[in-house]
Amino acid sequence: EGFGVAEAAAAHGVPVLELRAVSNPVGPRDRAAWRIGEALAALTDAVGKLAPVLESWKPHER
Numbered sequence: 029e030g031f032g033v034a035e036a037a038a039a040h041g042v043p044v045l046e047l048r049a050v051s052n053p054v055g056p057r058d059r060a061a062w063r064i065g066e067a068l069a070a071l072t073d074a075v076g077k078l079a080p081v082l083e084s085w086k087p088h089e090r
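To convert, count from 1 in the sequence shown and add 28; that's my numbering.
It is worth saying that the hints were derived from the structure and are not from the lab.
Restraint-style ranges between C-beta atoms, simulated for each label pair: (1) I64 x A36: 24 to 34 Å; (2) A70 x V44: 16 to 26 Å; (3) G30 x V81: 14 to 24 Å; (4) D58 x A38: 32 to 42 Å; (5) A61 x K86: 37 to 47 Å; (6) E29 x G65: 17 to 27 Å; (7) S84 x P56: 41 to 51 Å.
Just so it is clear, CB atoms sit at the ideal spot from N, CA and C, and this is done for glycine as well.
All chains, full assembly: derive it from the sequences and hints.
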């Protein structure tokens, strides 16, 4: 999923960042055990902490 986005961004010289959260472990597909709400909450928390860093980010010259 993220690899294709990263490849496209690299091809066009655009920075990219992927944040991921784990909602279920590897193994049998037991959707009742998935913790999607908790994963989304973790992503929301991470974005809230990362946003100020990204807003002040200055790209370096190549």
